[in-house]
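J.: Sequence:
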Amino acid sequence: MGRGGWVGVKASRMRDEDDPDPYYTSLCSAKTLQSNQKGFFQDYADRVTEAVGSKWIERVFGRLATDRDRIAACYADDKVRSAVLDPLKHTQEMYRRKSAPVAFQKRMEADRALSSNNPQKALMLYSQSCMRAPGTGVDVTVDQGLSLALALGGRSEALLVLEDYLQSLADLNLAVKEGFPQHLRYQLYWRMGRCYRGLNQVAKARVSLQLSARLVREHLAQLGNEALISLMRLQEELDDLMLLKEEGRSKEPLQIKQPDETPLPPVAAGCHPELGCASRLLGVSRTEQAGRYVVAREPVATGDTLVVEPAYAACLLPDKFGSHCHHCFARLKAPVACPECSGLAFCSVGCRDEACRSYHRYECHYMDLLIGSGMSILCHVALRMVTQAGEQFFLDRRQDLTSHSKEILPPSDKYLAVHSLVTHADKRKPKEFFQRTLMAVFLLKCLQKSGYFSTPSIDQTCLSEEELLIGSLLLRHLQLLQFNAHEVYETRIEAPRQLRTSKTEYIGVAIYPTVALFNHDCYPAVTRQGL
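full-length UniProt numbering puts the sequence shown at residues 1 to 531.
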(Lines of atoms letter the chains of each structure in order from A and count residues from 1; the text may use other names and numbers.)
(Lines give C-alpha, C1' and ligand atoms only; values in the text may rest on other atoms or scores of the structure.)
Protein backbone atom coordinates (compact mmCIF):
# COMPACT_ATOMS: atom_id res chain seq x y z
CA MET A 1 0.00 0.00 0.00
CA GLY A 2 3.01 2.30 0.22
CA ARG A 3 2.27 3.42 3.78
CA GLY A 4 4.91 1.53 5.70
CA GLY A 5 8.07 3.03 7.06
CA TRP A 6 11.38 1.70 8.34
CA VAL A 7 13.71 3.40 10.76
CA GLY A 8 17.04 3.14 12.50
CA VAL A 9 17.24 4.41 16.07
CA LYS A 10 19.33 6.02 18.77
CA ALA A 11 18.37 6.80 22.35
CA SER A 12 17.78 10.48 22.96
CA ARG A 13 16.11 12.85 25.40
CA MET A 14 14.32 16.12 25.03
CA ARG A 15 16.09 19.13 26.49
CA ASP A 16 14.39 20.57 29.53
CA GLU A 17 14.52 24.32 29.03
CA ASP A 18 12.22 27.31 28.80
CA ASP A 19 10.89 28.40 25.43
CA PRO A 20 13.47 30.94 24.17
CA ASP A 21 11.11 32.46 21.59
CA PRO A 22 7.40 32.18 22.47
CA TYR A 23 6.30 34.20 19.41
CA TYR A 24 8.12 31.89 16.99
CA THR A 25 6.70 28.88 18.82
CA SER A 26 3.17 30.24 18.46
CA LEU A 27 3.70 30.82 14.72
CA CYS A 28 4.92 27.25 14.26
CA SER A 29 1.98 25.91 16.23
CA ALA A 30 -0.47 27.95 14.14
CA LYS A 31 0.97 26.44 10.95
CA THR A 32 0.06 22.97 12.20
CA LEU A 33 -3.56 24.14 12.37
CA GLN A 34 -3.92 26.28 9.23
CA SER A 35 -1.19 26.13 6.60
CA ASN A 36 -3.02 28.02 3.85
CA GLN A 37 -3.38 31.77 4.41
CA LYS A 38 -6.19 31.95 1.83
CA GLY A 39 -8.51 29.67 3.80
CA PHE A 40 -11.50 30.91 5.76
CA PHE A 41 -10.80 29.13 9.05
CA GLN A 42 -8.30 31.60 10.49
CA ASP A 43 -10.67 34.51 9.87
CA TYR A 44 -13.45 32.52 11.56
CA ALA A 45 -11.22 31.66 14.53
CA ASP A 46 -10.07 35.27 14.94
CA ARG A 47 -13.65 36.57 14.86
CA VAL A 48 -14.81 34.04 17.45
CA THR A 49 -11.79 34.75 19.65
CA GLU A 50 -12.59 38.46 19.56
CA ALA A 51 -16.30 37.86 20.22
CA VAL A 52 -15.85 35.68 23.31
CA GLY A 53 -13.09 37.91 24.68
CA SER A 54 -9.67 37.24 26.15
CA LYS A 55 -11.05 37.32 29.71
CA TRP A 56 -13.31 34.29 29.08
CA ILE A 57 -10.53 32.45 27.24
CA GLU A 58 -7.99 33.02 30.04
CA ARG A 59 -10.20 32.69 33.11
CA VAL A 60 -12.78 30.12 32.04
CA PHE A 61 -11.57 28.14 29.05
CA GLY A 62 -7.92 28.20 30.16
CA ARG A 63 -8.79 26.45 33.44
CA LEU A 64 -10.59 23.50 31.86
CA ALA A 65 -8.81 20.21 32.45
CA THR A 66 -10.13 17.83 29.78
CA ASP A 67 -10.76 17.88 26.04
CA ARG A 68 -14.36 16.87 26.72
CA ASP A 69 -14.84 19.98 28.87
CA ARG A 70 -13.19 22.18 26.22
CA ILE A 71 -15.56 20.97 23.51
CA ALA A 72 -18.57 21.23 25.83
CA ALA A 73 -17.62 24.81 26.77
CA CYS A 74 -18.20 25.91 23.17
CA TYR A 75 -21.84 24.80 23.47
CA ALA A 76 -22.59 25.83 27.06
CA ASP A 77 -22.62 29.63 27.42
CA ASP A 78 -25.16 31.45 25.20
CA LYS A 79 -22.71 34.13 24.08
CA VAL A 80 -19.95 31.64 23.31
CA ARG A 81 -22.32 29.20 21.61
CA SER A 82 -23.66 31.93 19.34
CA ALA A 83 -20.17 33.13 18.40
CA VAL A 84 -18.93 29.61 17.69
CA LEU A 85 -21.94 28.00 16.00
CA ASP A 86 -23.73 30.77 14.09
CA PRO A 87 -21.07 30.92 11.32
CA LEU A 88 -21.06 27.10 11.11
CA LYS A 89 -24.78 26.99 10.33
CA HIS A 90 -23.77 27.59 6.71
CA THR A 91 -21.65 24.43 6.58
CA GLN A 92 -22.72 22.60 3.43
CA GLU A 93 -21.52 20.11 0.85
CA MET A 94 -18.77 21.40 -1.40
CA TYR A 95 -17.02 19.08 -3.81
CA ARG A 96 -16.15 18.75 -7.50
CA ARG A 97 -19.18 17.16 -9.10
CA LYS A 98 -19.46 14.93 -12.16
CA SER A 99 -20.23 16.43 -15.58
CA ALA A 100 -21.30 14.27 -18.52
CA PRO A 101 -20.85 17.13 -21.06
CA VAL A 102 -17.25 17.69 -19.90
CA ALA A 103 -16.61 13.93 -19.99
CA PHE A 104 -17.95 13.81 -23.57
CA GLN A 105 -15.78 16.75 -24.66
CA LYS A 106 -12.62 15.22 -23.18
CA ARG A 107 -13.37 11.86 -24.81
CA MET A 108 -13.75 13.48 -28.23
CA GLU A 109 -10.40 15.22 -27.77
CA ALA A 110 -8.86 11.91 -26.72
CA ASP A 111 -10.26 10.16 -29.80
CA ARG A 112 -8.61 12.78 -32.02
CA ALA A 113 -5.30 12.44 -30.18
CA LEU A 114 -5.36 8.66 -30.58
CA SER A 115 -6.18 9.00 -34.29
CA SER A 116 -3.21 11.37 -34.59
CA ASN A 117 -0.90 8.68 -33.18
CA ASN A 118 -0.45 10.44 -29.84
CA PRO A 119 -1.48 7.73 -27.35
CA GLN A 120 0.13 9.45 -24.35
CA LYS A 121 -1.96 12.59 -24.82
CA ALA A 122 -5.00 10.41 -25.49
CA LEU A 123 -4.40 8.56 -22.22
CA MET A 124 -4.39 11.84 -20.30
CA LEU A 125 -7.59 13.06 -21.96
CA TYR A 126 -9.40 9.73 -21.57
CA SER A 127 -8.44 9.78 -17.88
CA GLN A 128 -9.92 13.25 -17.52
CA SER A 129 -13.08 11.96 -19.18
CA CYS A 130 -13.21 9.01 -16.76
CA MET A 131 -12.82 11.34 -13.79
CA ARG A 132 -15.67 13.65 -14.82
CA ALA A 133 -18.04 10.97 -16.12
CA PRO A 134 -21.07 10.22 -13.90
CA GLY A 135 -22.00 6.62 -13.17
CA THR A 136 -23.97 4.56 -15.66
CA GLY A 137 -27.51 5.86 -16.11
CA VAL A 138 -27.04 8.99 -13.98
CA ASP A 139 -27.22 11.47 -16.90
CA VAL A 140 -29.02 9.91 -19.87
CA THR A 141 -28.98 13.20 -21.82
CA VAL A 142 -25.35 12.55 -22.81
CA ASP A 143 -24.10 9.27 -24.33
CA GLN A 144 -27.39 7.64 -23.23
CA GLY A 145 -25.97 7.54 -19.71
CA LEU A 146 -22.87 5.55 -20.75
CA SER A 147 -20.23 8.28 -20.46
CA LEU A 148 -18.04 6.33 -18.05
CA ALA A 149 -18.19 3.05 -19.97
CA LEU A 150 -17.27 4.79 -23.24
CA ALA A 151 -14.39 6.68 -21.62
CA LEU A 152 -13.02 3.47 -20.11
CA GLY A 153 -13.34 1.70 -23.44
CA GLY A 154 -11.41 4.45 -25.19
CA ARG A 155 -8.71 4.52 -22.54
CA SER A 156 -8.24 0.76 -22.80
CA GLU A 157 -7.27 1.24 -26.44
CA ALA A 158 -4.72 3.95 -25.60
CA LEU A 159 -3.21 1.69 -22.95
CA LEU A 160 -3.06 -1.20 -25.41
CA VAL A 161 -1.17 0.98 -27.89
CA LEU A 162 1.22 1.91 -25.06
CA GLU A 163 1.61 -1.83 -24.31
CA ASP A 164 0.36 -1.44 -20.75
CA TYR A 165 -1.60 -4.66 -20.97
CA LEU A 166 -2.56 -5.05 -17.31
CA GLN A 167 -4.01 -1.54 -17.03
CA SER A 168 -5.80 -2.01 -20.34
CA LEU A 169 -7.37 -5.26 -19.08
CA ALA A 170 -8.48 -3.50 -15.89
CA ASP A 171 -10.23 -0.81 -17.94
CA LEU A 172 -11.81 -3.37 -20.27
CA ASN A 173 -13.33 -5.25 -17.34
CA LEU A 174 -14.59 -1.99 -15.83
CA ALA A 175 -16.12 -0.92 -19.14
CA VAL A 176 -18.07 -4.19 -19.31
CA LYS A 177 -19.33 -3.71 -15.73
CA GLU A 178 -20.39 -0.14 -16.53
CA GLY A 179 -22.64 -1.32 -19.37
CA PHE A 180 -20.59 -0.73 -22.54
CA PRO A 181 -23.04 -0.97 -25.51
CA GLN A 182 -23.83 -4.59 -26.32
CA HIS A 183 -23.41 -4.30 -30.09
CA LEU A 184 -19.94 -2.78 -29.64
CA ARG A 185 -18.80 -5.01 -26.83
CA TYR A 186 -16.96 -7.26 -29.27
CA GLN A 187 -14.33 -4.48 -29.48
CA LEU A 188 -13.55 -4.90 -25.79
CA TYR A 189 -13.02 -8.65 -26.04
CA TRP A 190 -10.92 -8.15 -29.15
CA ARG A 191 -8.65 -5.84 -27.17
CA MET A 192 -8.61 -8.36 -24.33
CA GLY A 193 -7.32 -10.94 -26.77
CA ARG A 194 -4.51 -8.64 -27.85
CA CYS A 195 -3.64 -7.82 -24.24
CA TYR A 196 -3.42 -11.51 -23.32
CA ARG A 197 -1.29 -12.15 -26.38
CA GLY A 198 1.02 -9.35 -25.28
CA LEU A 199 1.27 -11.10 -21.90
CA ASN A 200 2.01 -14.42 -23.69
CA GLN A 201 -1.21 -15.92 -22.31
CA VAL A 202 -2.23 -17.63 -25.55
CA ALA A 203 -5.14 -19.67 -24.19
CA LYS A 204 -6.86 -16.60 -22.71
CA ALA A 205 -6.14 -14.65 -25.89
CA ARG A 206 -7.85 -17.33 -28.00
CA VAL A 207 -10.94 -17.47 -25.75
CA SER A 208 -11.25 -13.66 -25.82
CA LEU A 209 -11.01 -13.51 -29.62
CA GLN A 210 -13.54 -16.33 -30.01
CA LEU A 211 -15.96 -14.50 -27.73
CA SER A 212 -15.43 -11.32 -29.75
CA ALA A 213 -16.27 -13.17 -32.97
CA ARG A 214 -19.40 -14.64 -31.40
CA LEU A 215 -20.59 -11.17 -30.32
CA VAL A 216 -20.06 -9.88 -33.86
CA ARG A 217 -22.26 -12.67 -35.26
CA GLU A 218 -24.98 -11.86 -32.70
CA HIS A 219 -25.16 -8.25 -33.91
CA LEU A 220 -24.75 -8.61 -37.68
CA ALA A 221 -27.78 -6.43 -38.42
CA GLN A 222 -26.52 -3.50 -36.31
CA LEU A 223 -22.90 -3.72 -37.46
CA GLY A 224 -23.50 -4.13 -41.21
CA ASN A 225 -20.33 -4.22 -43.35
CA GLU A 226 -18.22 -3.63 -40.25
CA ALA A 227 -19.18 -7.11 -39.07
CA LEU A 228 -17.75 -8.91 -42.12
CA ILE A 229 -14.46 -7.01 -41.96
CA SER A 230 -14.15 -7.62 -38.21
CA LEU A 231 -14.83 -11.35 -38.57
CA MET A 232 -12.12 -11.69 -41.22
CA ARG A 233 -9.55 -9.89 -39.07
CA LEU A 234 -10.51 -11.86 -35.97
CA GLN A 235 -10.11 -15.13 -37.84
CA GLU A 236 -6.66 -14.03 -39.03
CA GLU A 237 -5.60 -13.35 -35.45
CA LEU A 238 -7.02 -16.68 -34.28
CA ASP A 239 -5.15 -18.50 -37.05
CA ASP A 240 -1.95 -16.72 -36.05
CA LEU A 241 -2.41 -17.85 -32.44
CA MET A 242 -2.90 -21.43 -33.63
CA LEU A 243 0.33 -21.26 -35.64
CA LEU A 244 2.19 -19.98 -32.60
CA LYS A 245 1.06 -23.01 -30.63
CA GLU A 246 1.69 -25.56 -33.42
CA GLU A 247 5.16 -24.25 -34.21
CA GLY A 248 6.09 -23.92 -30.56
CA ARG A 249 6.77 -20.20 -30.94
CA SER A 250 4.62 -19.17 -27.98
CA LYS A 251 6.62 -17.92 -25.03
CA GLU A 252 6.14 -18.52 -21.32
CA PRO A 253 3.43 -16.28 -19.83
CA LEU A 254 4.91 -13.11 -18.39
CA GLN A 255 5.08 -13.02 -14.60
CA ILE A 256 4.30 -9.40 -13.83
CA LYS A 257 4.68 -8.38 -10.23
CA GLN A 258 2.10 -6.00 -8.82
CA PRO A 259 3.44 -2.92 -6.96
CA ASP A 260 2.21 -4.14 -3.56
CA GLU A 261 3.84 -7.56 -3.99
CA THR A 262 7.34 -6.27 -3.17
CA PRO A 263 8.40 -8.07 0.02
CA LEU A 264 8.96 -5.94 3.11
CA PRO A 265 12.44 -6.06 4.66
CA PRO A 266 12.74 -8.14 7.86
CA VAL A 267 13.68 -6.33 11.05
CA ALA A 268 17.12 -7.03 12.52
CA ALA A 269 17.32 -9.89 15.07
CA GLY A 270 13.62 -10.70 14.73
CA CYS A 271 10.46 -9.03 16.04
CA HIS A 272 10.12 -7.61 19.54
CA PRO A 273 7.71 -9.74 21.63
CA GLU A 274 5.62 -6.69 22.63
CA LEU A 275 6.48 -4.12 19.94
CA GLY A 276 5.39 -6.38 17.11
CA CYS A 277 6.67 -4.30 14.19
CA ALA A 278 9.98 -3.37 15.86
CA SER A 279 13.25 -5.23 16.32
CA ARG A 280 13.98 -7.13 19.53
CA LEU A 281 17.14 -4.99 19.75
CA LEU A 282 14.95 -2.12 20.97
CA GLY A 283 13.17 -1.18 24.15
CA VAL A 284 11.09 1.70 25.48
CA SER A 285 12.06 3.91 28.42
CA ARG A 286 10.33 6.73 30.24
CA THR A 287 11.50 9.77 32.21
CA GLU A 288 9.62 12.71 33.66
CA GLN A 289 11.48 15.12 31.37
CA ALA A 290 11.38 13.20 28.11
CA GLY A 291 8.34 10.98 28.46
CA ARG A 292 8.53 7.68 26.54
CA TYR A 293 11.25 7.07 23.99
CA VAL A 294 12.88 4.17 22.18
CA VAL A 295 16.34 3.00 23.23
CA ALA A 296 18.73 0.35 21.94
CA ARG A 297 18.85 -2.57 24.39
CA GLU A 298 21.52 -4.36 22.37
CA PRO A 299 24.18 -3.18 19.90
CA VAL A 300 22.73 -1.87 16.63
CA ALA A 301 24.77 -1.97 13.43
CA THR A 302 24.64 0.74 10.77
CA GLY A 303 22.02 -0.21 8.22
CA ASP A 304 19.98 -2.45 10.53
CA THR A 305 16.25 -2.32 9.84
CA LEU A 306 14.68 -1.61 13.20
CA VAL A 307 10.99 -0.99 12.45
CA VAL A 308 8.69 -1.90 9.57
CA GLU A 309 5.29 -0.40 10.33
CA PRO A 310 2.20 0.56 8.33
CA ALA A 311 0.68 3.95 9.03
CA TYR A 312 -2.30 3.97 11.36
CA ALA A 313 -3.69 6.88 9.34
CA ALA A 314 -2.27 8.84 6.42
CA CYS A 315 -3.43 11.67 4.18
CA LEU A 316 -2.24 12.77 0.77
CA LEU A 317 -1.43 16.44 0.21
CA PRO A 318 -4.26 18.11 -1.77
CA ASP A 319 -1.86 19.26 -4.50
CA LYS A 320 -1.07 15.57 -5.15
CA PHE A 321 -4.71 14.57 -5.66
CA GLY A 322 -4.24 14.59 -9.43
CA SER A 323 -1.02 12.57 -9.52
CA HIS A 324 -1.24 10.02 -6.69
CA CYS A 325 -3.73 7.48 -5.39
CA HIS A 326 -5.79 8.98 -2.58
CA HIS A 327 -5.65 5.71 -0.66
CA CYS A 328 -2.22 4.11 -1.10
CA PHE A 329 -0.24 7.09 -2.52
CA ALA A 330 0.93 5.16 -5.61
CA ARG A 331 1.50 7.27 -8.71
CA LEU A 332 -1.45 7.28 -11.08
CA LYS A 333 -1.35 6.09 -14.67
CA ALA A 334 -4.96 5.14 -15.38
CA PRO A 335 -6.88 6.68 -12.46
CA VAL A 336 -10.08 5.14 -11.12
CA ALA A 337 -12.59 7.77 -10.06
CA CYS A 338 -14.79 8.01 -7.01
CA PRO A 339 -18.41 7.27 -8.04
CA GLU A 340 -19.58 10.66 -6.76
CA CYS A 341 -16.77 13.24 -6.86
CA SER A 342 -14.16 14.25 -9.43
CA GLY A 343 -11.62 15.90 -7.18
CA LEU A 344 -9.39 12.92 -6.41
CA ALA A 345 -8.53 9.51 -7.82
CA PHE A 346 -7.45 5.98 -7.00
CA CYS A 347 -4.96 3.65 -8.63
CA SER A 348 -7.30 0.66 -8.66
CA VAL A 349 -10.83 -0.52 -7.98
CA GLY A 350 -9.54 -2.16 -4.79
CA CYS A 351 -8.23 1.12 -3.37
CA ARG A 352 -11.38 2.95 -4.43
CA ASP A 353 -13.71 0.44 -2.82
CA GLU A 354 -11.73 0.27 0.41
CA ALA A 355 -11.72 4.07 0.71
CA CYS A 356 -15.41 4.42 -0.13
CA ARG A 357 -16.36 1.76 2.40
CA SER A 358 -14.60 3.65 5.18
CA TYR A 359 -13.40 7.26 5.34
CA HIS A 360 -14.30 8.62 1.90
CA ARG A 361 -18.03 8.06 2.37
CA TYR A 362 -17.92 10.84 4.99
CA GLU A 363 -15.25 13.08 3.45
CA CYS A 364 -16.34 12.96 -0.21
CA HIS A 365 -19.00 15.68 -0.30
CA TYR A 366 -17.03 18.00 2.00
CA MET A 367 -13.53 17.69 0.52
CA ASP A 368 -13.47 21.10 -1.17
CA LEU A 369 -14.88 22.71 1.98
CA LEU A 370 -12.11 21.15 4.07
CA ILE A 371 -9.44 22.26 1.62
CA GLY A 372 -11.03 25.69 1.28
CA SER A 373 -10.85 26.20 5.03
CA GLY A 374 -7.08 26.32 4.66
CA MET A 375 -6.63 23.73 7.38
CA SER A 376 -3.29 21.95 7.54
CA ILE A 377 -2.67 18.39 6.42
CA LEU A 378 -2.43 17.46 10.12
CA CYS A 379 -6.08 18.45 10.50
CA HIS A 380 -6.93 16.12 7.62
CA VAL A 381 -5.14 13.28 9.43
CA ALA A 382 -6.97 14.13 12.68
CA LEU A 383 -10.27 13.80 10.82
CA ARG A 384 -9.14 10.66 8.96
CA MET A 385 -8.40 8.93 12.26
CA VAL A 386 -12.13 9.29 12.97
CA THR A 387 -13.65 8.73 9.53
CA GLN A 388 -11.68 5.56 8.76
CA ALA A 389 -13.34 3.91 11.78
CA GLY A 390 -17.05 3.94 12.43
CA GLU A 391 -18.71 5.59 15.41
CA GLN A 392 -19.14 2.21 17.12
CA PHE A 393 -15.38 1.62 17.00
CA PHE A 394 -14.84 4.48 19.45
CA LEU A 395 -17.88 3.69 21.58
CA ASP A 396 -16.48 0.19 22.13
CA ARG A 397 -13.25 1.75 23.45
CA ARG A 398 -14.85 4.50 25.54
CA GLN A 399 -13.59 3.12 28.87
CA ASP A 400 -10.04 2.67 27.57
CA LEU A 401 -10.03 6.20 26.14
CA THR A 402 -10.84 7.82 29.47
CA SER A 403 -8.34 5.80 31.53
CA HIS A 404 -4.74 6.96 31.20
CA SER A 405 -2.39 4.01 31.52
CA LYS A 406 1.03 4.41 33.12
CA GLU A 407 2.42 1.49 31.13
CA ILE A 408 5.67 2.24 29.32
CA LEU A 409 4.99 0.01 26.33
CA PRO A 410 2.20 1.24 24.02
CA PRO A 411 -1.09 -0.74 24.01
CA SER A 412 -1.45 -3.56 21.49
CA ASP A 413 -4.59 -1.88 20.12
CA LYS A 414 -3.25 0.38 17.34
CA TYR A 415 -5.69 3.22 17.95
CA LEU A 416 -5.08 3.21 21.70
CA ALA A 417 -1.34 3.25 20.98
CA VAL A 418 -1.82 6.44 18.95
CA HIS A 419 -4.26 7.89 21.48
CA SER A 420 -1.65 7.44 24.24
CA LEU A 421 0.96 9.61 22.48
CA VAL A 422 1.99 12.85 24.14
CA THR A 423 -0.09 16.01 23.49
CA HIS A 424 1.77 18.58 25.66
CA ALA A 425 -1.63 19.95 26.69
CA ASP A 426 -0.10 21.41 29.85
CA LYS A 427 2.23 23.62 27.80
CA ARG A 428 -0.39 25.21 25.54
CA LYS A 429 -1.50 28.82 25.88
CA PRO A 430 -5.27 29.26 26.34
CA LYS A 431 -5.76 31.24 23.11
CA GLU A 432 -3.93 28.67 20.98
CA PHE A 433 -5.81 25.86 22.71
CA PHE A 434 -9.13 27.60 22.06
CA GLN A 435 -8.44 27.99 18.35
CA ARG A 436 -7.44 24.33 18.14
CA THR A 437 -10.76 23.53 19.83
CA LEU A 438 -12.58 25.61 17.21
CA MET A 439 -11.00 23.46 14.50
CA ALA A 440 -12.29 20.35 16.29
CA VAL A 441 -15.78 21.91 16.42
CA PHE A 442 -15.63 22.68 12.68
CA LEU A 443 -14.58 19.11 11.86
CA LEU A 444 -17.31 17.81 14.15
CA LYS A 445 -19.87 19.91 12.28
CA CYS A 446 -18.72 18.33 8.99
CA LEU A 447 -19.16 14.87 10.52
CA GLN A 448 -22.65 15.76 11.73
CA LYS A 449 -23.62 16.93 8.25
CA SER A 450 -22.06 13.90 6.52
CA GLY A 451 -24.18 11.35 8.39
CA TYR A 452 -21.34 9.93 10.49
CA PHE A 453 -23.47 9.61 13.64
CA SER A 454 -26.10 6.89 13.85
CA THR A 455 -28.33 9.00 16.11
CA PRO A 456 -27.38 12.66 15.59
CA SER A 457 -28.65 15.28 18.00
CA ILE A 458 -31.87 16.92 16.79
CA ASP A 459 -30.75 20.33 18.03
CA GLN A 460 -27.16 20.72 16.85
CA THR A 461 -26.57 23.49 19.37
CA CYS A 462 -26.51 20.74 21.98
CA LEU A 463 -24.26 17.70 21.57
CA SER A 464 -25.18 14.10 22.26
CA GLU A 465 -22.78 12.01 24.35
CA GLU A 466 -21.53 10.30 21.19
CA GLU A 467 -20.88 13.61 19.45
CA LEU A 468 -19.13 14.97 22.52
CA LEU A 469 -16.87 11.91 22.61
CA ILE A 470 -15.90 12.23 18.93
CA GLY A 471 -15.37 15.98 19.31
CA SER A 472 -13.00 15.43 22.23
CA LEU A 473 -11.10 12.79 20.21
CA LEU A 474 -10.73 15.19 17.29
CA LEU A 475 -9.25 17.75 19.68
CA ARG A 476 -6.83 15.19 21.10
CA HIS A 477 -5.77 14.15 17.59
CA LEU A 478 -5.08 17.78 16.69
CA GLN A 479 -2.76 18.02 19.68
CA LEU A 480 -0.83 14.76 19.44
CA LEU A 481 -0.28 14.94 15.67
CA GLN A 482 1.62 18.21 16.06
CA PHE A 483 4.46 16.32 17.77
CA ASN A 484 4.14 12.74 16.55
CA ALA A 485 3.23 12.72 12.85
CA HIS A 486 5.75 12.07 10.10
CA GLU A 487 5.93 13.38 6.56
CA VAL A 488 5.58 10.83 3.76
CA TYR A 489 8.04 11.08 0.88
CA GLU A 490 8.53 9.35 -2.43
CA THR A 491 11.86 9.03 -4.19
CA ARG A 492 11.79 10.19 -7.79
CA ILE A 493 14.45 8.70 -10.06
CA GLU A 494 14.70 10.54 -13.38
CA ALA A 495 16.62 7.76 -15.16
CA PRO A 496 17.30 4.09 -14.33
CA ARG A 497 20.19 3.60 -11.88
CA GLN A 498 20.84 7.35 -11.67
CA LEU A 499 20.50 7.61 -7.89
CA ARG A 500 22.63 10.74 -7.61
CA THR A 501 20.04 12.75 -9.51
CA SER A 502 17.10 11.28 -7.58
CA LYS A 503 14.88 13.57 -5.54
CA THR A 504 12.67 13.07 -2.52
CA GLU A 505 9.26 14.68 -2.79
CA TYR A 506 6.89 15.44 0.08
CA ILE A 507 3.49 13.89 -0.73
CA GLY A 508 1.63 13.41 2.55
CA VAL A 509 1.58 12.95 6.32
CA ALA A 510 1.10 9.81 8.41
CA ILE A 511 0.97 8.72 12.03
CA TYR A 512 2.87 5.56 13.02
CA PRO A 513 2.22 4.28 16.59
CA THR A 514 5.71 2.82 17.14
CA VAL A 515 7.80 5.14 14.98
CA ALA A 516 6.31 8.10 16.86
CA LEU A 517 8.27 6.98 19.93
CA PHE A 518 11.58 7.62 18.18
CA ASN A 519 13.32 10.87 18.92
CA HIS A 520 12.63 13.70 16.47
CA ASP A 521 16.10 15.17 16.03
CA CYS A 522 17.62 17.80 13.75
CA TYR A 523 20.79 15.64 13.70
CA PRO A 524 19.30 12.16 13.71
CA ALA A 525 21.07 8.83 13.83
CA VAL A 526 18.05 7.29 12.11
CA THR A 527 16.55 7.30 8.64
CA ARG A 528 13.00 6.68 7.43
CA GLN A 529 12.25 4.94 4.15
CA GLY A 530 8.77 4.78 2.62
CA LEU A 531 7.91 1.28 1.39
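Calculated directly from the structure, the hints in this document are not laboratory data.
Any given hint could be a false lead.
Each computed DSS-like pair below joins lysine-lysine, with the alpha-carbon atoms no more than 27 angstroms apart [unchecked claim]:
| # | residue 1 | residue 2 |
| --- | --- | --- |
| 1 | Lys427 | Lys55 |
| 2 | Lys333 | Lys38 |
| 3 | Lys89 | Lys449 |
J.: Does each hint fit the structure? Answer for all of them.
T.: Hints and how they fare:
1. Lys427 - Lys55: holds, 19 angstroms
2. Lys333 - Lys38: Given pair Lys333, Lys38 is violated - Cα atoms ~31 angstroms apart, limit 27 angstroms.
3. Lys89 - Lys449: Holds - the C-alpha atoms of Lys449 and Lys89 are around 10 angstroms apart, at most 27 angstroms.
Hint check: a violation occurs at hint 2 only; the rest are consistent with the structure.
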